[in-house]
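Undergrad: The chain contents come next:
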Amino acid sequence: MTPLLRIQQLTYNPPKRWEYFSPRSDFVLGPVDLHVNESETLAIIGSNDSGKSLLAKLIVGAVKPSSGEIILNGQPIGTHQSKARANNIRMVFRHSAESLNPGISVGSMLDEPLRLNTQLSPAMRLEKVMQTLSLVGLMPDYYYFYKHMLSDGQQQRVALARALILDPQVIVADEPFAALDPSVRSQTVNLLLKLQAELGLAFIFISHNLGIVRHMADRTIVMSGGQIVESNLTQTLFTAPQHPSAQKLIYAHNSMLKF
Amino acid sequence: MLDANLYEEELHPTPLGATWREFKQRHVAVFGLVILTLFIIVAIAGPLLSPYAPTTQHTNTLLIPPAWDDNGSILHVLGTDALGRDMLTRLFYGTQVTLFSSILTVFIALGLGVAMGVVAGMSKGLRSSFINHVLDILMLTPTLLIAIIIVAILGTGLTNAMLAIGLALVPRFVHLTRDFVREEMNKDYIKTARLDGANLTQVFLYNILPNMVELLIVQGTFAISVAILDISALGFLNLGAQTLMPELGVMIAEGLSTVYIAPWNILLPGLTIFLMVLSINIVGDGLRSALRNRLTH
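Protein sequence lines correspond, in order, to chains G and R. For the first sequence, our numbering gives the first residue as 1, with consecutive numbering after it. For the second sequence, our numbering gives the first residue as 1001, with consecutive numbering after it.
Hints are not guaranteed to be accurate.
[To be verified] Calculated lysine-lysine pairs in the DSS-like style (CA-CA distance at most 27 Å, straight line):
#1 R:K1124 x R:K1191
#2 G:K147 x R:K1024
#3 G:K194 x G:K128
#4 G:K147 x G:K194
#5 G:K57 x G:K248
#6 G:K147 x G:K57
#7 R:K1191 x G:K64
#8 G:K57 x G:K194
#9 R:K1191 x G:K57
#10 R:K1124 x G:K57
#11 G:K147 x G:K128
#12 G:K128 x R:K1191
#13 R:K1124 x G:K64
#14 R:K1191 x G:K147
[Said to hold, decoys possible] Calculated Cβ distances over 10 Å to all of chain G for the following chain R residues:
#15 L1140
#16 V1213
#17 M1245
Derived by calculation from the structure, the hints in this document are not laboratory data. Every residue gets a Cβ at the ideal spot worked out from N, C-alpha and C, and that includes glycine.
Only chain G is shown next, with the shape it has when bound in the complex (with noise of 0.2 Å):
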């Protein structure tokens, strides 16, 4: 079976700047082998500075890969930003107070995707906002809210519908239930769960939670210092980390657990 999505020898450096003022950064990511399945949830761990979240953007195309390939499918999707990325790769950014734009109503965030990325009339675009927002536990009446009406756990499953509003193929989550209380985290985990059920997604998240990681990834990898330290099924991984890295984690997640 042909994965998904495979990622092969990514690495990225960072441009070359006027470095008289600003302190040089050595930072290399990569290179990067990864791939996922259908339905499968991949989740990235790794400490601060890792490359964790840089290997989200490059795979989503937020940032510009110095080499390497992106497959989707069997079909490379090598420039920076196109509609076939667009459509099949969504990216939900971490909860924040910036995540959604307090300007614009609930239904006219979803619809922006739609309108910049298909070609639906109006009225068909209302209908797949509408299927999309209960498909994601909101009332249709949440198309008229703003960002200040809705609770934290509703404004991620606003992000989560944003993400989900094209029905792509894979989600890449960058924190995704960072800043979120535990009951509502539940909900997300719960939802995503769910929906991956349902819609068949390939899930990419990475998070520092490492509970929720065990709980939902099927495999996960370790980064450290901008390379993947350890992949492995995260039951495999969980039971006997091998890298040192990955050790530190696994054991600080461990020693918690003991209480």
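Using the hints, position chain R against chain G.
TA: Showing chain R alone in chain G's frame:
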């Protein structure tokens, strides 16, 4: 199965409706809005309401005090000036000239300033810093001073005064827009829009502009009050509107020669300017808090 619309509410407040609901909470602001509306009605319908033409000279009734004075006449409710022109009529026309020229000036300056500010905010490097720093120099000098310099080059007249004040207001809008756009461009929701394939124009129109409305309205109203003051100041200094035009600043300047025997000739236009600027500032202030609260309650 239940109908999906069963629980749907029938009324969703529009952004405008929500703003009005917040605005109503502040009675002072509503009072200011009433005065401002009166001024706008007078400015539009002035020619219909006024009994005389603004330049008609009633030579047998010079310097008549307002009607409530013992020497006043009901034919000239607010009295006449040294040339026998009806004060009420001239105030109507003066409001029209001053208010509308200020609003027009600000609209043009706003359009220009926002366009340049967006270009500066979205571009990076040398182009952005060039626009910004050149305009910083212009911002340092007071608007009235720049206006006087421009009038000195182009010559006097209301159009030139409007042009001068408009040009003096542009840097302020450029600066505000640039800072705002810069800040917005770094936010996550702009990144998601960019990932959807929105180009810079679409990002601005659909994502940044809805958030910028508050800033534009508030700064626009304050700029209108500045423009009113500057246009009448230039008129008073005989650099803007010229003697024949019923402009409020010009009327004060003309009233100065007879200030001891006919103080109403400068008091009434002065009061008009004062009330106009006051009401615009109150409305602007009320709008600011209403627009801010709209996104919190």
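Undergrad: Compare the structure with each hint and give your call.
TA: Structure-based check of all given hints:
| no. | hint | result |
| --- | --- | --- |
| 1 | R:K1124 x R:K1191 | 16 Å, holds |
| 2 | G:K147 x R:K1024 | 23 Å, holds |
| 3 | G:K194 x G:K128 | 19 Å, holds |
| 4 | G:K147 x G:K194 | 25 Å, holds |
| 5 | G:K57 x G:K248 | 26 Å, holds |
| 6 | G:K147 x G:K57 | 24 Å, holds |
| 7 | R:K1191 x G:K64 | 14 Å, holds |
| 8 | G:K57 x G:K194 | 25 Å, holds |
| 9 | R:K1191 x G:K57 | 10 Å, holds |
| 10 | R:K1124 x G:K57 | 21 Å, holds |
| 11 | G:K147 x G:K128 | 20 Å, holds |
| 12 | G:K128 x R:K1191 | 23 Å, holds |
| 13 | R:K1124 x G:K64 | 18 Å, holds |
| 14 | R:K1191 x G:K147 | 17 Å, holds |
| 15 | L1140 | 26 Å, holds |
| 16 | V1213 | 7 Å, violated |
| 17 | M1245 | 42 Å, holds |
Going through the hint list in order, the structure does not satisfy hint 16, though it satisfies all others.
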